[in-house]
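Asker: Sequence:
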Amino acid sequence: MRGKTHNAVSAPSARLFFQRLDAALRAQPLRDLPWRSKRFLRQNGAMDSYAIVVSEIMLQQTQVERVSPYFLRWVERWPSWEALARAARQEVLKAWVGLGYNRRAIALHQLACLTARNNGILPRGRRELEALPGIGPYTAGAIRVFAFNEWDEALEANGKIVLFAYSSLPRGKDTSDAVLLALLRRAVRAAQAACWEAREWYWHLMDHGAQLRAQGWRIGALRANQPRQPRFAGSVRQVRGGVVRALARHGALGRRELIALLRKEGVLGLSEDPTFRLLSALSALQAEGVINLQKGKWTLSP
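Following this note's numbering, the residues of the sequence shown are numbered contiguously, the last one being 392.
No wet-lab data here; the hints were simulated from the structure.
A couple of the hints might just be wrong.
When the alpha-carbon atoms are kept at most 35 Å apart in a straight line, the in silico DSBU-like pairs for lysine-lysine are as follows [to be verified]:
no.: 1; residue 1: K128; residue 2: K184
no.: 2; residue 1: K354; residue 2: K387
no.: 3; residue 1: K354; residue 2: K385
no.: 4; residue 1: K387; residue 2: K263
no.: 5; residue 1: K128; residue 2: K263
no.: 6; residue 1: K184; residue 2: K354
All values reported here derive from a predicted model rather than from experimental measurement.
Work the whole structure out from these sequences, hints included.
Answerer: Quick look at the structure:
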């Protein structure tokens with residue numbers, strides 16, 4: 091594994107890799123994204139941890155363009171950990187409708203309750219962050235970078251594209267996350283030596299990756315073992331989204347009412363036996379605490 095990483099930026103190509111990467115990032119204009127606004131910048135140089143966490147959890151498996159309007163509405167309605175902690179789970183779920191993966195909303199609400207009890211203070215350590223609801227390794231690193239301006243590992247699809255674009259990593263082959271992270275660490279050390287701040291460097295890295303994607307670069311074409319997004323149409327996930335959307339709009343619904351609404355929306359086929367997809371969706375949503383069943387009626391969890 092170390093050999094593969096070394097070959098990706100081995101001498102004499104290593105210096106050229108870091109020089110080309112540094113030049114590209116310095117030339118990269120930054121996107122105007124709402125969670126980067128100066129309104130969230132604090133006097134100590136940190137960003138509002140609440141705004142950063144909300145944005146990072148929303149951005150998990152969801153595109154920036156979809157997240158931006160949700161983020162703005164969210165922080166307008168619930169501008170702090172304490173405000174979100176006071177909200178009812180049902181209202182939080184309703185505000186999340188359309189973003190998908192609704193368990194993220196529950197995790198964010200749980201995290202708000204925990205943080206509010208801690209006087210609105212979020213831990214800064216990676217291990218402590220990863221122990222919190224909704225925060226995995228990538229999100230923990232991103233919070234440390236963007237909220238606290240601390241150097242850490244935060245490598246998502248856009249960053250991976252940039253590493254492929256400027257290194258000699260083989261394209262179309264299996265490339266492990268360990269290899270990519272090792273290359274990222276070397277790039278980070280070079281960025282520190284070049285006097286970058288963590289937050290600024292990662293903003294430029296991600297935005298340059300977004301620009302490359304707009305030019306046609308795809309991580310799935312660069313990396314053979316990149317996980318593929320399952321097809322949405324005809325999936326249980328499609329029904330899950332339809333169920334949550336229907337309950338948010340109409341309140342308590344029985345099974346037959348749900349089937350009728352989902353067929354009307356085209357989520358369920360008119361001749362489709364709804365048993366498997368609907369029951370699978372209802373069971374999973376109930377297990378995650380998204381919905382409740384009372385007296386034969388399904389509702390969003392209160």
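Asker: State for each hint whether it applies.
Answerer: Hint-by-hint comparison with the structure:
no.	hint	verdict
1	K128 with K184	holds (28 Å)
2	K354 with K387	holds (19 Å)
3	K354 with K385	holds (24 Å)
4	K387 with K263	violated (50 Å)
5	K128 with K263	violated (41 Å)
6	K184 with K354	holds (21 Å)
Checked against the numbered hints given earlier, the structure breaks hints 4, 5 and satisfies all the rest.
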